[in-house]
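Please build the complete structure, drawing on both the sequences and the hints.
Going down the list, the sequences are from chains A and B.
Residues 1 to 334 (the working numbering) are what the first sequence spells out, left to right.
Residues 1 to 241 (the working numbering) are what the second sequence spells out, left to right.
Hints in this document: simulated from the structure, not taken from any laboratory.
Since the structure is predicted, the reported quantities are computational estimates derived from the model, not experimental observations.
We put the beta carbon where it would ideally sit given N, CA and C, even for glycine.
A few of these clues could be false.
Counterexamples of contact, computed for chain A against chain B with all Cβ distances above 12 Å [as the list claims (entries may be wrong)]:
no.	residue
1	25
2	27
3	90
4	148
5	274
6	290
7	332
Computed beta-carbon distance windows for the label pairs [stated by the list, open to error]:
no.	chain 1	residue 1	chain 2	residue 2	range
8	B	131	A	150	33 to 43 Å
9	B	131	A	133	48 to 58 Å
10	A	281	B	133	20 to 30 Å
11	A	225	B	15	29 to 39 Å
12	A	271	B	133	33 to 43 Å
13	B	216	A	107	35 to 45 Å
14	B	3	A	114	25 to 35 Å
15	A	143	B	193	54 to 64 Å
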Amino acid sequence: MSESTRNRLFDYTQAFADPVATAVTIALAAVLILVPCIFVVLSRLGKITDPMRGELWRRYFAWLVLIPLLLVPILLGAAWTILGFGALSVFCYREYARAVGLFREKVLSLLIVIGILLITFAVFDHWYNFFHALPPLIVATLIAAAILQDEPKGYIQRVALSVLGVALFGVGMGHIGYMANDVDYRPRVILFLLAVEANDVFAFLAGKTLGKRKLCPNTSPNKTIAGAVGALVLTTLLVAGIGKYVYHGTELDSWPLLALLGVLLSLAGQLGDLALSSIKRDLGVKDMGVLIPGHGGLLDRFDSILLAAPVYFHYVGYFVGFGLTSTPRILTGG
Amino acid sequence: MEPWQLEPAHDHGLSMSQRTRSLQRESGLVSTALHWTCWTIIRSYLGLYHRLSIVGRENLPPEPPYILVANHTSHLDALVLAAPLPARLRDRVFPIAAGDVFFETPMISAFSAFFLNALPMWRKKCGPHALQELRDRLLSDPCVYVLFPEGSRSRDGQMMAFKKGLGMLVAGSPAPVVPCHLDGCFDALPADRKWPRPRRIRVTIGKPLSFANEPNDREGWERLMQAVEVAVRGLQTNKIV
Numbered sequence: 001m002s003e004s005t006r007n008r009l010f011d012y013t014q015a016f017a018d019p020v021a022t023a024v025t026i027a028l029a030a031v032l033i034l035v036p037c038i039f040v041v042l043s044r045l046g047k048i049t050d051p052m053r054g055e056l057w058r059r060y061f062a063w064l065v066l067i068p069l070l071l072v073p074i075l076l077g078a079a080w081t082i083l084g085f086g087a088l089s090v091f092c093y094r095e096y097a098r099a100v101g102l103f104r105e106k107v108l109s110l111l112i113v114i115g116i117l118l119i120t121f122a123v124f125d126h127w128y129n130f131f132h133a134l135p136p137l138i139v140a141t142l143i144a145a146a147i148l149q150d151e152p153k154g155y156i157q158r159v160a161l162s163v164l165g166v167a168l169f170g171v172g173m174g175h176i177g178y179m180a181n182d183v184d185y186r187p188r189v190i191l192f193l194l195a196v197e198a199n200d201v202f203a204f205l206a207g208k209t210l211g212k213r214k215l216c217p218n219t220s221p222n223k224t225i226a227g228a229v230g231a232l233v234l235t236t237l238l239v240a241g242i243g244k245y246v247y248h249g250t251e252l253d254s255w256p257l258l259a260l261l262g263v264l265l266s267l268a269g270q271l272g273d274l275a276l277s278s279i280k281r282d283l284g285v286k287d288m289g290v291l292i293p294g295h296g297g298l299l300d301r302f303d304s305i306l307l308a309a310p311v312y313f314h315y316v317g318y319f320v321g322f323g324l325t326s327t328p329r330i331l332t333g334g
Numbered sequence: 001m002e003p004w005q006l007e008p009a010h011d012h013g014l015s016m017s018q019r020t021r022s023l024q025r026e027s028g029l030v031s032t033a034l035h036w037t038c039w040t041i042i043r044s045y046l047g048l049y050h051r052l053s054i055v056g057r058e059n060l061p062p063e064p065p066y067i068l069v070a071n072h073t074s075h076l077d078a079l080v081l082a083a084p085l086p087a088r089l090r091d092r093v094f095p096i097a098a099g100d101v102f103f104e105t106p107m108i109s110a111f112s113a114f115f116l117n118a119l120p121m122w123r124k125k126c127g128p129h130a131l132q133e134l135r136d137r138l139l140s141d142p143c144v145y146v147l148f149p150e151g152s153r154s155r156d157g158q159m160m161a162f163k164k165g166l167g168m169l170v171a172g173s174p175a176p177v178v179p180c181h182l183d184g185c186f187d188a189l190p191a192d193r194k195w196p197r198p199r200r201i202r203v204t205i206g207k208p209l210s211f212a213n214e215p216n217d218r219e220g221w222e223r224l225m226q227a228v229e230v231a232v233r234g235l236q237t238n239k240i241v
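Spelled out as structure tokens, the structure:
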């Protein structure tokens, strides 16, 4: 393993070498300190009712855990970023499998988990061809393996749910980890996560303050057109503003290209959210799990990154590329 | 195309500690792996340390649902009684365990659920609702229950009278009851000992009894319980040498 690879993977002294990573960390810390103060002031003034206050605190405490949980591995090194998102994919798949009933198909479920672990391995290894060969191979394996029980009843359903699982958690989340193969991965991954999560918050706030007309009431009754448009505008501004620093001096360093990235991220984020809402509506469950108080399951929080990750990855990949200067195949060689 | 058959886990929306105590608990990959590991260790232990012998394995019904019942003298009993079952049923065998012992704290519940695959029966507050849930699950899963109708361990090794809970569980149900007798468990690990002694253990499996036509009422339970008790006593043989 070369010196530069080891630095990328494990050198935590580089955590704050990039000004964007430092600025975002400080800003998030400030938000986490300020928000409870605002809560206290608002409830002293009687602006927040009791049930609302409980809900807000629950959500705040969840963020208080989630933000460090996401940010610390990214700052510590690429190894922890990749392993962290690999673990997140497995846990999200587990939630999905239990909600749709796929967990009862033990063989298929095991194959999907192995598939996600292999994708994580390919990402860690920085083996781009294997990373892109895996999804079709996993899908082919699932289609074949589902025959083995010799039970054609429900075959299409078993296979379809498995393939959807691979698409969402193997492919979707795999792309976030892969970004960590870039020497300069910290600001890029942070920009992605910040944009997508902020997009959710913007949609929520814009919807609460301006929202009247429903966006798609059958899928998600609380979403409004104003929320969607508000998020689109604010996320585009955020991505263009921070992106100007992150991609300074690259081909992406232009306002129209960065604005387009913002638009794409906002749309993909909201569509990922709605895709998970559709799954929940179809199943008739309110939340995908119970892990995060105030939010539901992991998937209720991380639904919006599922579709946005490949979009961001390939858009940035097209103009700038990921990991072009870092050593490939660090474990397998070749 | 077949109508959609897959549905959310029956324990969906429960927290981890609620799940361990739930009668609707369903195993995922991790629990299945734990059950396999645990079962393999227990089988090897019983075979090596207690020279476990099984008589009448051919009497086991080919497929679930059914209920295995036996005399109860030791904490080893549930492990011994589940041992003759085929490996493919590992995830579908549920020892019915006393809630106030095996599901007392979250830690113990997690152990009972994830290693033993036990389901709780609350001895003091076991309402008809919980029994109905157990009854339904036995048929709909379908699965195997391992149950001790005496209700608790005998302190002197002698069999005690059976309780009617078993009747409430199977009267009028198509699931057969398989009477079994355990020899040697009391010698190996009586209630007052902490660690088991290396004593031989034998399981004798009797012919399945069906109570599909027994009415699900007080009289039916009484008759059923007596029939099972007689069947279990009938399997009692001389001490193992």
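Structure-based check of all given hints:
Residue-level check passed: residue 25/A sits 32 Å from the nearest beta carbon of chain B, beyond 12 Å. In this structure residue 27/A is separated from chain B by more than 12 Å, as the shortest Cβ-Cβ distance comes to about 33 Å. The claim that residue 90/A is not at the interface with chain B is violated, since a C-beta of that chain comes within 12 Å of its own (minimum 10 Å). No beta-carbon of chain B is positioned within 12 Å of the beta-carbon of residue 148/A; the least distance is around 15 Å.
Consistency note on residue 274/A: stated as away from chain B, and its beta-carbon is indeed over 12 Å from all of that chain's, at 20 Å minimum. Under the 12 Å C-beta cut-off, the non-interface status given to residue 290/A relative to chain B is violated; the minimum distance is some 5 Å. No Cβ of chain B approaches the Cβ of residue 332/A within 12 Å, the least distance being about 27 Å, so the stated non-interface status holds. For the pair residue 131/B and residue 150/A, the beta carbons lie near 37 Å from each other, so the given range of 33 to 43 Å is met.
With their beta carbons about 54 Å apart, residue 131/B and residue 133/A fall inside the hinted range of 48 to 58 Å. The hinted window of 20 to 30 Å between residue 281/A and residue 133/B holds, with their beta carbons roughly 28 Å apart. The hinted range of 29 to 39 Å is satisfied by residue 225/A and residue 15/B, whose Cβ atoms lie roughly 36 Å apart. Between residue 271/A and residue 133/B the beta carbon distance is about 40 Å. The supplied range of 33 to 43 Å therefore holds.
For residue 216/B and residue 107/A, the Cβ-Cβ distance of about 38 Å falls inside the hinted range of 35 to 45 Å, so the restraint holds. Between residue 3/B and residue 114/A the beta carbons are some 30 Å apart, a value that agrees with the proposed interval 25 to 35 Å. At roughly 55 Å, the beta carbons of residue 143/A and residue 193/B sit within the given window of 54 to 64 Å.
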